[in-house]
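Q: So the sequences go chain by chain: A, B, C and D.
For what it's worth, the UniProt record's numbering labels the leading residue of the first sequence as 1, then goes sequentially.
For what it's worth, the UniProt record's numbering labels the leading residue of the second sequence as 1, then goes sequentially.
For what it's worth, the UniProt record's numbering labels the leading residue of the third sequence as 1, then goes sequentially.
For what it's worth, the UniProt record's numbering labels the leading residue of the fourth sequence as 1, then goes sequentially.
One should not assume that every hint holds.
[As the list claims (entries may be wrong)] Short, incomplete list of chain D residues facing chain C, as computed with Cβ under 10 Å:
#: 1; residue: T75
#: 2; residue: L200
#: 3; residue: Y201
#: 4; residue: T226
#: 5; residue: F278
#: 6; residue: Y279
#: 7; residue: T294
#: 8; residue: R341
#: 9; residue: P343
#: 10; residue: A351
#: 11; residue: K358
#: 12; residue: F359
#: 13; residue: P388
[Claimed, not checked] Within a straight-line C-alpha distance of at most 30 Å, the following computed DSBU-like cross-link-like pairs (lysine-lysine) qualify:
#: 14; chain 1: A; residue 1: K265; chain 2: D; residue 2: K84
#: 15; chain 1: C; residue 1: K401; chain 2: C; residue 2: K303
#: 16; chain 1: D; residue 1: K169; chain 2: D; residue 2: K390
#: 17; chain 1: D; residue 1: K78; chain 2: C; residue 2: K222
#: 18; chain 1: B; residue 1: K84; chain 2: C; residue 2: K84
Since the hints were derived computationally from the structure, they do not count as laboratory data.
Beta carbons: idealized from backbone N, C-alpha and C, even for Gly.
4 protein chains.
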Amino acid sequence: MLEKYLYTRNLTLSIVEPLQIEDFGVQAMVDVSPPKWHLAHTTWFFEEFILLNNKPEYSPYFPYTRELFNSYYETLSKPFSRSKRGLISRPTVSEVLDYRQAVDEEVTNLLNNNDEVDEKVYSFIQLGIQHEQQHQELLMTDLKYNFSINPLKPIYKEMSGHSSLPRLKWYDFEGGMTTIGTNKKEFSFDNEQPEHQCFLYPYSIANRPVTNGEYLEFIEDKGYETPTLWLSDGWQTVTEQKWNAPLYWEYVDGNWHHFTLSGMKSIEKDQPVTHISFYEADAYARWAGARLPTEQEWENAFKNEAIEGTFLENMLFNEEDRSEKNVFGTVWEWTSSPYTRYPQSARPEGALGEYNQKFMSNQMVLRGGSCASPRNHIRLTYRNFFHPDKRWQFSGIRLAKEESAL
Amino acid sequence: MLEKYLYTRNLTLSIVEPLQIEDFGVQAMVDVSPPKWHLAHTTWFFEEFILLNNKPEYSPYFPYTRELFNSYYETLSKPFSRSKRGLISRPTVSEVLDYRQAVDEEVTNLLNNNDEVDEKVYSFIQLGIQHEQQHQELLMTDLKYNFSINPLKPIYKEMSGHSSLPRLKWYDFEGGMTTIGTNKKEFSFDNEQPEHQCFLYPYSIANRPVTNGEYLEFIEDKGYETPTLWLSDGWQTVTEQKWNAPLYWEYVDGNWHHFTLSGMKSIEKDQPVTHISFYEADAYARWAGARLPTEQEWENAFKNEAIEGTFLENMLFNEEDRSEKNVFGTVWEWTSSPYTRYPQSARPEGALGEYNQKFMSNQMVLRGGSCASPRNHIRLTYRNFFHPDKRWQFSGIRLAKEESAL
Amino acid sequence: MLEKYLYTRNLTLSIVEPLQIEDFGVQAMVDVSPPKWHLAHTTWFFEEFILLNNKPEYSPYFPYTRELFNSYYETLSKPFSRSKRGLISRPTVSEVLDYRQAVDEEVTNLLNNNDEVDEKVYSFIQLGIQHEQQHQELLMTDLKYNFSINPLKPIYKEMSGHSSLPRLKWYDFEGGMTTIGTNKKEFSFDNEQPEHQCFLYPYSIANRPVTNGEYLEFIEDKGYETPTLWLSDGWQTVTEQKWNAPLYWEYVDGNWHHFTLSGMKSIEKDQPVTHISFYEADAYARWAGARLPTEQEWENAFKNEAIEGTFLENMLFNEEDRSEKNVFGTVWEWTSSPYTRYPQSARPEGALGEYNQKFMSNQMVLRGGSCASPRNHIRLTYRNFFHPDKRWQFSGIRLAKEESAL
Amino acid sequence: MLEKYLYTRNLTLSIVEPLQIEDFGVQAMVDVSPPKWHLAHTTWFFEEFILLNNKPEYSPYFPYTRELFNSYYETLSKPFSRSKRGLISRPTVSEVLDYRQAVDEEVTNLLNNNDEVDEKVYSFIQLGIQHEQQHQELLMTDLKYNFSINPLKPIYKEMSGHSSLPRLKWYDFEGGMTTIGTNKKEFSFDNEQPEHQCFLYPYSIANRPVTNGEYLEFIEDKGYETPTLWLSDGWQTVTEQKWNAPLYWEYVDGNWHHFTLSGMKSIEKDQPVTHISFYEADAYARWAGARLPTEQEWENAFKNEAIEGTFLENMLFNEEDRSEKNVFGTVWEWTSSPYTRYPQSARPEGALGEYNQKFMSNQMVLRGGSCASPRNHIRLTYRNFFHPDKRWQFSGIRLAKEESAL
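Chain A with its partners taken away, still in its complex shape:
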């Protein structure tokens, strides 16, 4: 457990290694947080749930931490205003790194001293690791957004590597009763529990995500100008935000380019389209004569797939290496399922009840992980969720159909 803890904590540091101090404070829109805040908040999580609960003599490293680095746990304290996270120059980056180190030492001592460690501590450490993994993904996506609005178009890291998506095929499923969710001993979030039964009608699902080339056809067919392809709230968003392409795309000198963590690049037609909102995914599917899968259809379809693909550790944020069978990684896949409670599920007590369940309105489920997800963070039953207009995650489209395409 200690090894896993330290591995995760160090992976976070390696993510921010290419940054300048100035990069740590930026919050370019309210949805993202500054890198420094991510570093501090993930540390606060261990301090709050492990150290303060288990070390009677421990007092917070920074006196103001409990407000400043609390994200949204109203049970614990009044969180500092989310929209102002980018305005807080102190504590400095160096002070936050010291904070990380001090908490790491305390946690290490705790874990090395077996007397103090009970099952509950282990389970919170486990949760804290999973929590930090989620923030590793957000660090990457937030950083990308922050860099994108700078006219210098800073480069996080030069990356190379390339492989093409296979030809589109459809996998058919008969439906009937199936098992969704998990009761396994291995870690899972409360929103994936419990394992439960669900009835499905026959359906087909695509063997791979939609490509940039396919999405370009939608754009060129005036997809963004055709209101009948869109959900009503989606069309309002398209109109207000003046969307005409995925986030980060720019039409320059007669060609589509997009901002990547390696700078501005040409669009590669055989790679998966990403930085797509649910509204765009839904409109594209309608245009393509298909639909998005429900999360149950998705989970049922890929029950036996290995968790293989392009993940955070590959540091390939714009490319991919995927055989036909790689259904995990590269891009999150929007489902048609609103994020709601599973039948029979229980709500954890205290602050942890706020972790997942209070977001169960107005958000849509995404499945499968992305190129920014840590590899061992992703599971078949993992449910990611975002509001339907959000585009700054590595989010893409997998098509489904009611009946076999054959």
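Given the structure of chain A, go ahead and fit chains B, C and D onto it with the hints provided.
A: Same frame as chain A, but now just chains B, C and D:
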């Protein structure tokens, strides 16, 4: 059919009978429409879908009607800005009533001339009737909102009548496979179709809606000040809107009152709480140690109930007459189900594809009809839907539980 | 005095004579008020300042009047929210007309009963008449705005008549000490008082306002796209509001038209440009190599001109009849003077202190009256004032220069 | 000239010396700019107006500089969005310091090489120095605002020193013709020119600014809750912004404190009140039975005063050392004069025409300099200007009266 048509058209006129001309133009918030607009829009629906499609010689009564009184059918024309419906003094009320009469005459002629009427015309008349019934309900709820912001607190109609809700009990259901939705020959909306199978876990559901008295306990227990009771988006709404009670409630001289269509009245503790958002319904249920039912649980529970209760025709908007078995009417009941597509359902072609399906995001399903719903508009399978923060409908709460309360 | 009172009260009624009841309630933007509100507010003014102060037995006609029809006199009561004046359907138009009549009868009785009338009452009646004249102008300009947003483009009144503006000439003035403002026995507002000395440098002023034709040259020379012509706040307004022509102008089928109280009309090149903001007037003057006059320069230049021209009573809102010497009427003329206090001026006590002086920030002075000003309301020393971005008044441009154009 | 240039450039660096790198990027509201931006923008000014115009071989140090560090000169390029200055992490602080040094070397070479330097170059260097001095003041005030929103309340520098304001007295002036503005050979901005004649009525002016103690009486007398004391736009601001004290004041444990560049401090009653908007200054003056002076009255009153007092170089941002005669420094003094053009003044050509004159609407003149103004930047005729709701400058109140208080 003609009889039903004329009955519906006249019922609409009887609703606006107590109004002054000045009342017809008001739009007190963007969600509501002025009564005059409702009168014109429901007429436009028949003109657009029946007369223009079936009478080659027919030209629109007002040349500008197709934009001005189109609500949201982008397929047909560019609808006039929704937020400005209250700023349009011309055509006058009297001109709009003439418009109604002219269209009614044309439709009557059409229906009396059997040669011209095929099945498709009948189905559009049917749809137009259902559509007008929906606007009858909106006329009542919009009117109530418009009046409520006037410091004179105008009275629509004096009403009386009173009866108490029964004691709270729980009905238990075993779950298993059940049939949801409808394929019946009788009219239903596309969003209720098709009949399909669904698997339910055991659950219990309350015999009646939550009362004002019960909801007051939630208020007095600081329900509106306790963030952990709320969904995250709901808590943000409570904070921004400074909600501390249902819409229309005012605390005056030490007692709660509410604005009704009969003016300001004291809160009656044994009547159902209404003008509640989904967020409030969800928070109340959590506080009460229960939850909201899914729409499938609701439909399964009340399969055999008669469609009896207090409806529009009763003109009792603040009271009710309900035996323990009256599950329909009085207040719509929020379910925990986001409004989504039923499996295997098809999307109607053309403008009708916009009628229901483009709203399938960010909205929640309500069931059972209200005191403002026309009686023969309501069905077991009927799905109403609103965004989770909306409160100006007659919307209330029915509780459910995972397991038997016994 | 009674005769003047009744004349003014009746003139107001004659203005609204062409309206439908539906027109009386509309407030198409926050700056305008519904006609019904103007009718009630001007009546409230007499009730509040004359009847309630001088008739001990008098109680308000409507109990809620003091809030609902108070505009901005915080000294008296909490005014009803300005932005919601268009949402108040009750009292009805007919009830407001009854209110007018009842107050008129009371005032008539008062004035006929000499015992009750002292100097102070006369001075308030005088003020109330001037106040109602101001609202007569607003009635016209607000009505025009309300009609303009209706796609039916309603016609208030067909008008005809036409005459051209003379050729541009410059009048030169030597400057030196001059007398500004007034101490005269005849009525004037506190903001025109007292008569005081002021030192002017030599200047020239145009013999007539800028024409539509001249303004078109500014548009065609990309005046609206050239930031260096504009004040900084003005350029921000142009950009945000997407201004590219005066208010009410529309480019249709290759020609500029504008909405008038007689409907949509072609632009007449030899008539004065109007519905211009201060920002546009200032930018036009800079483009033309001139500047706007100060209010002192304006007043000094036209000291000996007769108060002749096109006024409200002419009912010619789009045309004019002006010889070279008509400097009054037709369009208000923006000056370069911010609206501030005259030296040595006193602030009236009580609510009247709020009448003019609390608006002395962020507004610019206009001079000369317009086609919507009652003829005997306008004086040489009259100071009108609006925020620099406002365009719904009949406001135009008169140029000035530092030195003689000769 | 070179000496003065280098002195000014170094003074800027000494201001930011106590900062951490993280502090350089913060923009806590749209009115302020990040310290890094000030460092770069002042350098860009010399690069743009001196180097690019006079060194044919010179190309910009950063290719993107002309947009990124242009403030508002539309003549030159499209300035980068003002509200996003705090989101630009690159170039880094160190790169910006290198940029400063490179430009300083080029300017030094230019000035040392007499052949290249004509009168115009000297005048632009002179202007660039004055420009940088203005940004030195903004650096201090922006920094203070940035720190103030951080719950850690960072300390810029510990400061001490204290002295009391003298007893309030009135200086009387007879008025008559006076000379305002300047034609002097020494540097002045175009908005101070030309020297011109002006007629004044008799007035009195206070010997010192209003103190915290006096302002507290206004607060305690419900000044912030009394609408009749306020200008209309001011009252709207008070209501919307929920103002109840000057900016930075907090009521803690029964006493008023304020945030200073030395952290949170108790209010000292005998020091001048500061961080006051024009609206507050105007309301206070009305409450005190006085008024604000016009800028002409102010300038006429202090024609013979030495430019002595507390300035930037004193590094005493919360205290002061002022004899009765010190009218300059410590706090800017709001006048009742809107910022407008002086008679006979000319507009500089090209980009410099944008320097001052495009701000001549909606702003009020302040006089006298503050504790954050460089000492040799301030003149008798110096006109500072801000919108009337701005409070983050060191702005205070000096009272005037129409007539002698004797």
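Q: Against each hint, give a clear statement of whether it holds in the structure.
A: Hint check:
no. : hint            : result
1   : T75             : 6 Å, holds
2   : L200            : 8 Å, holds
3   : Y201            : 5 Å, holds
4   : T226            : 9 Å, holds
5   : F278            : 8 Å, holds
6   : Y279            : 8 Å, holds
7   : T294            : 8 Å, holds
8   : R341            : 7 Å, holds
9   : P343            : 5 Å, holds
10  : A351            : 9 Å, holds
11  : K358            : 4 Å, holds
12  : F359            : 5 Å, holds
13  : P388            : 6 Å, holds
14  : A:K265 - D:K84  : 24 Å, holds
15  : C:K401 - C:K303 : 18 Å, holds
16  : D:K169 - D:K390 : 28 Å, holds
17  : D:K78 - C:K222  : 17 Å, holds
18  : B:K84 - C:K84   : 14 Å, holds
The structure shown violates none of the earlier numbered hints.
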